[in-house]
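Q: For reference, the chains in residue letters:
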Amino acid sequence: MKYIIAVIQPDRMDEVLQKLNDKEIHLVTVSTVMGRGRQKGVATVYRSHKEAGSLLKKIKLEIAVNDNYVKAALDAIITAGRTGEVGDGKIFVLNLEDCVRIRTGETGSIAIG
Amino acid sequence: MNKLRLIGIATAAGGLLGAAAARAEDLVVTATTAVAAAAPAAAAAAPKIDTGDTAWVLISTAFVMLMTIPGLAFFYGGLVRKKNVLSVLMQCFMIMCLVSLQWVMFGYSLSFGPDVKHVIGNLSWSFLHGVGPEPFADYSATIPHLAFMIFQMMFAVITPALIIGAFAERMKFSAFCVFIVLWATIVYDPVAHWVWGVGGFLRNLGALDFAGGTVVHINAGIAALVCALVLGKRLGYPDKMSPPHNLPFAVLGAALLWFGWFGFNAGSALGANGLAASAFVATHIAAAAAGVTWAIMDKIFNKHATVLGIITGAVGGLVAITPAAGFVDVAGAIAIGAGAGIIPYFFVSFLKPKFGYDDTLDAFGVHGVGGIWGALATGLFCTKAVNSAGADGLFYGGGLAQLGKQFAAVGVTVVVALVGTYVLLKLVDAVFGLRPDEHGEKVGLDLTDHRETGYTMLE
Numbered sequence: 800m801k802y803i804i805a806v807i808q809p810d811r812m813d814e815v816l817q818k819l820n821d822k823e824i825h826l827v828t829v830s831t832v833m834g835r836g837r838q839k840g841v842a843t844v845y846r847s848h849k850e851a852g853s854l855l856k857k858i859k860l861e862i863a864v865n866d867n868y869v870k871a872a873l874d875a876i877i878t879a880g881r882t883g884e885v886g887d888g889k890i891f892v893l894n895l896e897d898c899v900r901i902r903t904g905e906t907g908s909i910a911i912g
Numbered sequence: 186m187n188k189l190r191l192i193g194i195a196t197a198a199g200g201l202l203g204a205a206a207a208r209a210e211d212l213v214v215t216a217t218t219a220v221a222a223a224a225p226a227a228a229a230a231a232p233k234i235d236t237g238d239t240a241w242v243l244i245s246t247a248f249v250m251l252m253t254i255p256g257l258a259f260f261y262g263g264l265v266r267k268k269n270v271l272s273v274l275m276q277c278f279m280i281m282c283l284v285s286l287q288w289v290m291f292g293y294s295l296s297f298g299p300d301v302k303h304v305i306g307n308l309s310w311s312f313l314h315g316v317g318p319e320p321f322a323d324y325s326a327t328i329p330h331l332a333f334m335i336f337q338m339m340f341a342v343i344t345p346a347l348i349i350g351a352f353a354e355r356m357k358f359s360a361f362c363v364f365i366v367l368w369a370t371i372v373y374d375p376v377a378h379w380v381w382g383v384g385g386f387l388r389n390l391g392a393l394d395f396a397g398g399t400v401v402h403i404n405a406g407i408a409a410l411v412c413a414l415v416l417g418k419r420l421g422y423p424d425k426m427s428p429p430h431n432l433p434f435a436v437l438g439a440a441l442l443w444f445g446w447f448g449f450n451a452g453s454a455l456g457a458n459g460l461a462a463s464a465f466v467a468t469h470i471a472a473a474a475a476g477v478t479w480a481i482m483d484k485i486f487n488k489h490a491t492v493l494g495i496i497t498g499a500v501g502g503l504v505a506i507t508p509a510a511g512f513v514d515v516a517g518a519i520a521i522g523a524g525a526g527i528i529p530y531f532f533v534s535f536l537k538p539k540f541g542y543d544d545t546l547d548a549f550g551v552h553g554v555g556g557i558w559g560a561l562a563t564g565l566f567c568t569k570a571v572n573s574a575g576a577d578g579l580f581y582g583g584g585l586a587q588l589g590k591q592f593a594a595v596g597v598t599v600v601v602a603l604v605g606t607y608v609l610l611k612l613v614d615a616v617f618g619l620r621p622d623e624h625g626e627k628v629g630l631d632l633t634d635h636r637e638t639g640y641t642m643l644e
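Chains A and B supply the protein sequences, listed in that same order. Residues in the first sequence are numbered consecutively from 800, following the numbering used here. Residues in the second sequence are numbered consecutively from 186, following the numbering used here.
Just so you know, these hints were derived from the structure itself, not from any lab. Bear in mind the structure is a predicted one, so any value in this text is a computation, not a measurement. Just so you know, even glycine gets a beta-carbon here, dropped at the ideal spot from N, CA and C. Where hints are given, some of them may not hold.
Said to hold, decoys possible - Reference excerpt, derived from the structure (chain A facing chain B, CB under 8 Å, subset only): (1) Thr843; (2) Val844; (3) Tyr845; (4) Arg846; (5) Ser847; (6) Glu850.
Make a model of the complete structure from these sequences and hints.
A: Here it is, written out as structure tokens:
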């Protein structure tokens with residue numbers, strides 16, 4: 800089991816979720832986050848007072864999958880999330896020790912899907 | 186407010202005669218000054234209430250009430266940080282309550298009551314003693330004295346509320362309440378008497394102030410500067426400040442201010458007449474000109490026209506046209522508005538950072554600077570073609586005489602606001618302390634002073 804964390808461009812979210820759906824990966828947690836990478840932030844100006852704005856709005860996806868779905872998930876995020884510009888984000892893949900479905904108490908691989 | 190009695194009737198100039206002649210006649214307002222020794226016999230007769238005038242002034246009163254809450258409250262509330270939004274809304278609301286009470290108890294009497302040596306009203310109208318439904322002809326011959334009183338009340342309310350912009354996010358609520366009541370009594374009431382009260386020395390001097398450029402805006406603007414200097418900077422200013430937490434609130438508030446300003450300025454004609462219409466138009470056009478000008482300035486100096494910029498400009502235009510609204514034609518209104526998009530812009534954008542004072546929401550930059558510009562510009566652009574009770578300014582063949590009177594009124598207001606505000610702040614600081622402790626300020630005044638938060642993170 801793997802735990803995939805992807806930070807992507809907000810305007811690619813719908814396409815990424817659709818692509819994951821197409822590959823039968825339905826379970827995902829989405830959050831709005833602020834982050835900083837090579838893209839840097841966007842400076843804003845209020846009554847001529849400039850704000851450096853080092854952070855940018857991003858979307859964070861968290862997906863727990865069985866091993867045989869890892870490649871499909873990565874493909875979906877990469878193909879739908881890529882614009883080719885700096886700031887497209889990153890994907891982190893972590894080993895997942897266990898998973899429990901609260902409703903039934905099932906654990907492990909069967910609880911993921 | 187030009188408290189000359191304006192028995193204003195726009196003459197119904199028949200048809201379209203020569204364009205120039207018709208234009209001049211449309212706006213003719215007959216006026217008898219309250220101080221004129223030779224009042225016509227007709228005016229000496231018992232004043233009679235005009236229902237149209239009364240309706241307009243009562244509605245204008247409600248308009249001006251709307252300017253403080255929710256107008257100014259949301260304009261300012263949107264510009265502060267999340268943790269202080271309630272404190273600003275609370276301050277506006279509390280001023281509405283406190284100053285309204287102060288006004289009926291003794292504030293109105295000090296401002297407009299029977300004159301004592303040209304500097305203050307006496308206390309004989311305390312608790313509105315003798316202020317009733319019949320008109321008081323020296324101020325307004327065609328509306329109930331009570332209507333005039335409550336219209337004026339809303340001006341007394343919004344003036345201290347404007348100062349909030351300077352000390353927002355860093356004044357203790359207890360100190361704030363005491364300061365506001367003292368300021369309304371010691372600074373606002375006398376200045377209102379000088380400019381508007383029968384016998385007031387600035388009124389006798391002949392300085393023009395249609396709706397309160399000196400009494401309201403310069404007075405509050407200078408007080409704001411003093412507050413910013415005496416209270417000192419907010420923790421972390423200027424490098425570690427967050428941007429406005431809710432600009433849409435600020436836009437909503439600014440739009441409500443614009444709307445309310447029709448009551449403020451056109452209502453100051455104290456009648457439903459041609460002068461009110463003229464002031465209404467001048468008010469609107471000045472705001473429009475100032476909004477556009479500020480946007481252009483933003484584009485030139487910051488590469489982008491900003492939302493905060495256009496609303497700041499529009500409010501600045503409204504401030505500047507306030508003393509002039511009933512005395513200038515539309516060309517004058519455009520010029521005054523354009524000036525209000527340029528002069529306060531430089532103050533807010535360049536001079537404030539240079540001097541380093543922390544006028545949180547630019548109460549001085551917009552109301553003080555814009556107000557001074559408007560008061561002086563009245564001496565440049567006023568014309569008797571619009572209001573025969575006014576004067577001709579420098580650009581309308583009147584020479585420098587009126588400009589000189591405007592300078593005098595500005596100078597007196599600046600000095601008294603400066604000294605009065607400084608003394609009161611020092612006094613309140615000595616007794617109560619002006620600022621919350623460091624932890625309280627960091628946490629935010631919503632929690633520190635009110636034990637509430639404006640927004641929930643989790644439901």
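Q: Can you give the numbers of the hints that this structure goes against, from lowest to highest?
A: none
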